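Given only the sequences and the hints, what does the whole structure look like? Please build it.
Protein chains in written order, with this note's numbering: chain U, 1 to 352; chain H, 1001 to 1578.
Calculated directly from the structure, the hints in this document are not laboratory data.
Do not take every clue at face value.
[To be verified] Label-pair restraints from in silico Cβ distances: (1) ARG297/U - PHE1165/H: 51 to 61 Å; (2) ARG1360/H - ARG34/U: 22 to 32 Å; (3) ASP1014/H - LYS348/U: 55 to 65 Å; (4) ASP1014/H - THR35/U: 20 to 30 Å.
[As the list claims (entries may be wrong)] Just a sample of chain H residues kept apart from chain U, beta carbon distances all over 12 Å, derived: (5) VAL1030; (6) SER1069; (7) GLU1087; (8) ALA1088; (9) GLY1097; (10) PHE1143; (11) GLY1310; (12) ALA1326; (13) GLY1428.
On a predicted model such as this, the values are computed, not experimentally measured, just so you know.
Cβ atoms here follow ideal geometry from the backbone N, Cα and C, with glycine treated the same way.
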Amino acid sequence: MRTLALWLALGLGYASALTAQVQDFGKAYSFAERTPATKLESTIDTLLPSLVKVHGASGLATIEAFATGVIVSKQGHVLTLDQIMLQPERTRVVLYDGSVHQATLLPPDPKLGVRLLKIDPALVQGELRPLWPPAEIDAQFRSGQFVVSLGNCFRLAEFSEKVSATFGVVVGRANTALRYRMSDVKYDGDVILTDACNNPGHQGGGLFTLDGRWIGLNLRLLDSKETNTMLSAAIPTRDLLPYLDERIHGKARSEVATSKEKAWFGAVLFDQAGRQSPPAYVERVLAGSPAAQLGLRNDDMIVRLDDFSIRTCREFREILGKFAAGQKVKVTWKRGNEVLTGEVELQKEPTK
Amino acid sequence: MMLALLSVVGLFQDPIAAVRADESRRVEVVARCAPAVCSVMAMDAPGGGSGVVFDPRGYVLTNFHVVGSPDEGYRPPEPSLPAAELEAWRQENLPCGSAHYRNKKVGMPDGELYEAVVLGIDPGSDLAVLRLLPKCSGQTWPFCGLGDSDRLLVGETVFAMGNPFLLATDFTPTVTFGIVSGTHRYQEGQGQRVMVYPDCIQVDAPVNPGNSGGPLFNERGEVVGINGRISIGDRGRVNVGVGFAIASNQIANFLGDLLAGRHAEHGTLDMSAWFMSARSDGGEGSGPRQRGVYVQQMFKDSVAAKAGVGLGDEITRFDGNEVRSANQLATLVGVLPAGAWVTLWHRPAGDGGAFGDERRTLLQLSRLDTGSSQDGSGEDARLASRAERRLATQALLARWPAIEEKVAAVHWQRIAPDGSKVAVFAHGERLRLELPDRVLVRTADGQGFAREGDKVRELSADEAERVRREWLANTLAWPLAPATERLRDSVLLGGVHVHGAPALRFSLPGDGECEAWFFRDGTPAGFACRDPLRRARVEWHVRGDQVRVVVDGAIESGWSGSVRRTGPVDEAWFRREG
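Below is the structure:
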């Protein structure tokens, strides 16, 4: 290891001597880089050592075997998006210096769709440069704010080559209620939408403000099969905190989601068994239920719960599953040619 | 809190003003660059691409895939002349190779459409150089010079210009803006090693079909790349924020050949595969993998094998750059022309995974067969006629800085392998050549004498020719000011790689055995001629104090210390007595 480091030093020494010589002539080939001059250049330069290339199992043409990850602890934790290619024994992490490390898999967070990997810090030359915790956890992302997205799109970077940087603005925030038209996005909270291009391999990389604050973990390219449009999005970093705290620091999660009681609405839908789920027509309203309180009737068609649009009975059940008893929900339904709205508190299912 | 607020206010006194200043700078650069960006149309195929004028005399850089393939069976029209004159006309005006291109059309942003001649092509990495045919004599065009692509940094802002989707029928370029997403990317070619992008700049500025061949500018408006390809998702050939531009420094390496009408040829080590080994310290365990680039496959008769590189050797450095990945090595080799001399450091593989001490070898890259040379290759095949190559010489000379210095004597000295000094003193027509065993002097009347020890005698025929050729070709002994004068009728022969930098080869009058070499800024880079005393072709590669001598294609090691000075004349140099 020491000899390797020595060669490194010699190599760099030579390279700089060469550039010094070359400058008199202008052109000659050199990989020696100039020092960053602008804010964006130095931000990227500072962040790059904290990003890693993640390689996993492949074999199927449709599954990319590469992604990106962010170092989140000095103990060797790497955060990335949970994906099929992450298989035990077959997941490797490539650090900024080009070294390849076998990674063990920690349990994923099924709700966020993210997963921690761990490499052995003892085998790392030099220090790991974790990005966690971010300087300001409540750093707000605002629309129009400039961002830079880092990730290994199209697997363009190998070993010590640098992952790609794309530049753009925060376009907005959206709830992945959209997910019902999209491919495998597990995360169902608010996402940051950006026009900084996101391509295959970029997932698991980071989205940063120009001053280098880490605001999001890149999702896969969101793809609407209906409109043939694609969107680049990221999970806000602050939503990752509970998972990271639990897995890295062993802190118990104070999460509502686990303790919540299943919500009950009290409308029986006209749902015939079949390949296609029919629209959410109400067949019967149970007395004393939230549905009854809203004044729902037989033959009303439920079209919306909060911001989630409902097209089928199946979607209604899925969306309702997101809510807990005691939560208020805005319901929109269609009666004849009228569209009606109302708000009601969901209840626990009464015991019989 | 208040303090923080104050400091922020102090930093950006007026953020709006700062943004506006930024914007007007950008607008100014775009306005300056746009007139040099053109649309290139192949005429024989639908669609078209973009290009950029990089020299005021109308030289245009674009992609090879924009100009298409040569036109089968096409010969340029000939004037009706008497047989003898026609032969002379052909010698001067027809390309020497078998490949001919019909003229292309190039639209400039001022709305003018020009005919253009394809001068040189580089199918290996997708480049072509065209010359615009002027509509009036002495016409010049707005142009943008090449910048230094090695100074690009990830995050730096860049502009791409061109004519995507052929949107602009009046040829005004479309400008897109973005950052450098990655540098020194290696992108494989299609099929037989053609259209390889060995060293490209990855950008997120939108690049679309029709942008091909267009320039990528840095913030200062210098051409740092030629946009040529994009990575696409699964949605067809449209921008997904991953575009690639051929780096300007790679282009500079081939520009001499391209302007001289040659089919640019890339170098190779003929080590057909490279990879980053996963030799872990303790076998196949989970230990850290030792990083390194190792020779995986090679031809037995490759230049590398002949130089003593073996299978399994670790490649540590290449031309002064530490080799960190196989991709990087592919980049370093891929940007060099065939015939370039390179330095390779390697550690021979020993027993049990051990490696020997680092060795340094000097070798000459062989020609990479791109499978696209059927339209002629080699010294004689050229797309550009002699007349075109004379024009190219003139265009290159016009860019050299004017040197006001009055004619002074030049003294150039280098150390021979045996430690003795070899020196040249030159003044006008006169030249004194001090060789280890004798001194040869050429006098103003073209005559001269030789001195061996204390004995003065007449020059032998070979000695006379030797000293004449030294006077004719040794650019290091040329007086500064009339250098361009001596190259007035010269024909550009091509490019040459001198100590890691691209230089140009110019023909000199006479039997065609003498070449003068210069870097693009007009600094002498050496010379080549047949040495009548040694009866061999001798090349002098000179860059600053570095000197290398190649005799009949083999390095003559041991030469060092090139020192060049100008100063007053000492008449004693050329005096026969004393």
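Results for each hint:
ARG297/U and PHE1165/H have their C-beta atoms about 55 Å apart, which keeps the hinted 51 to 61 Å range intact. Distance hint check: the CB atoms of ARG1360/H and ARG34/U are about 27 Å apart, consistent with the given range 22 to 32 Å. Under the hint 55 to 65 Å, the C-beta atoms of ASP1014/H and LYS348/U, about 59 Å apart, fit the expected range. A hinted range of 20 to 30 Å holds for the C-beta pair ASP1014/H and THR35/U, which are about 28 Å apart.
Look at VAL1030/H: its CB is around 18 Å from the nearest CB on chain U, clear of 12 Å, so calling it non-interface holds up. At roughly 29 Å from the closest C-beta of chain U, the C-beta of SER1069/H stays outside 12 Å, upholding its exclusion from the interface. The beta carbon of GLU1087/H is kept farther than 12 Å from every beta carbon of chain U, the shortest such distance being approximately 40 Å. The beta carbon of ALA1088/H is kept farther than 12 Å from every beta carbon of chain U, the shortest such distance being approximately 38 Å.
Taking the minimum C-beta to C-beta distance to chain U, about 28 Å, the non-interface status of GLY1097/H holds against the 12 Å cut. Listed as outside the interface, PHE1143/H is consistent with that label: its C-beta sits roughly 18 Å from the nearest C-beta of chain U, beyond the 12 Å cut-off. Remark: the non-interface label on GLY1310/H is consistent with the geometry, its nearest Cβ contact in chain U lying 19 Å away (cut-off 12 Å). Taking the minimum C-beta to C-beta distance to chain U, about 8 Å, the non-interface status of ALA1326/H is violated against the 12 Å cut.
Every beta carbon of chain U lies more than 12 Å from that of GLY1428/H, the smallest distance being close to 28 Å; the non-interface claim holds.
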